[in-house]
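Take these sequences, add in the hints, and give me the full structure.
Listed below, chain by chain, are the residues.
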Amino acid sequence: MPWFRVDPRSAIGAWFLRFCGAVARSAIRLIGGTCRYQVIAGGETLQKLLQNPGPVLLVIWHDRAICSACYFSGPFIRDRLDLALMISQSQDGEIVSHIVRPWTRVRSARGSATRGGREALRIMHRIMAKEKIPGLLAPDGPHGPRRKFKLGAAVLAQMANAPVVPVALAPERSFRLGSWDRLIMPIPFSRVAVAFGQPTPVPRGLSGEELESVRARLETELNRTTSLTEIAALPNRPHPVPAAG
Amino acid sequence: MMSAMDRQQAALDVLAEVCGRPAEELSPDQDLVADLDIDSPKALQLLVTLEEKLDIEIPDEDAARLEKVKDVLEYVAA
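So the sequences go chain by chain: A and B.
Once you know that position 12 of the first sequence is 413 in the working numbering, the rest is easy, because the numbers rise by one and skip nothing.
Once you know that position 51 of the second sequence is 122 in the working numbering, the rest is easy, because the numbers rise by one and skip nothing.
Quick caveat, the hints were computed from the structure, so don't treat them as lab data.
Idealized CB from N, CA, C, for every residue including glycine.
Worth double-checking, as some hints may not be accurate.
[Claimed, not checked] Listing some non-contacts, in silico: residues in chain A with all C-beta distances to chain B over 10 Å: (1) Trp416; (2) Thr505; (3) Pro546; (4) Leu584; (5) Gln599; (6) Gly609.
[Said to hold, decoys possible] Stretches of chain A that chain B covers, calculated by requiring three or more beta carbons in the stretch to come under 8 Å of a beta carbon on chain B: (7) 522-528; (8) 556-566.
In structure tokens:
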């Protein structure tokens, strides 16, 4: 639950959410622009993505949302990659949609208020499968459980014939908010470790059990990729690395 | 060119595959969400597979109106 709630249909509420979006966008520019990013794994995956994007589903854990916004909105990526973002219908999602509005290479997938998730998945699928634009989403969003890779992300990749690429970022200096995901806020001028995991295809025609097995493997791979960045950014803290799936 | 009946049978097969039940267990009045547990990911599977198998495009407004098995069957037959 956000610490405040406004009615987005009221003039004041809509203005306030736009204002929050503008402030957050400026903060992301400021923080993101001063951080130094070091790709520690999967550099070839990033190069391939920039040269020949195609349908691919990039996944991050929700607690890395600000870190990934800082990274993907930086000039190195921003001007070279179109992205489709799945944005929730929540108030937080409303602010996110205001954050990304001026970023012309970002496409938002938001469902209507009544058919939210179902419609957003359809829009995301259409952008990825028909326009061949990479998608980016947090598979444990919008409300958790934290670090639980939900089946919807795996099915989206399957139906769009898009391999799933885990993406992880870990800042050297940061603090966490008290939200359900314990959102990481990077501190300006931090070094940020970035890793891209192994692209994993999700074949069509899987049984329920097989799909669940792929989902579990994707969860493990995203945890493993995240641990790699945490070890690189914070070498003196304990970081158990899950075995590759 | 598939007949309306063939299209309905194909749609029934897709529905059965997506919800993991035999086609014989499906009845026209069953609700896709309440009776067949078709959540958002399964709805995506259903719509995309129907579009691919029947070579049709289902606009979002039409997709939103598909609530029961009979809605799907009538839609693909039309």
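Hints versus structure:
1. Trp416: holds, 29 Å
2. Thr505: holds, 24 Å
3. Pro546: Per Cβ check, proline 546 of chain A is outside 10 Å of chain B; nearest 16 Å; holds.
4. Leu584: Its Cβ never comes within 10 Å of chain B, the nearest being 24 Å, so this holds.
5. Gln599: holds, 23 Å
6. Gly609: violated, 6 Å
7. 522-528: Satisfied; 4 residues make the cut.
8. 556-566: It holds, with 4 qualifying residues against the three required.
Consistency note: the structure conflicts with earlier hint 6 alone.
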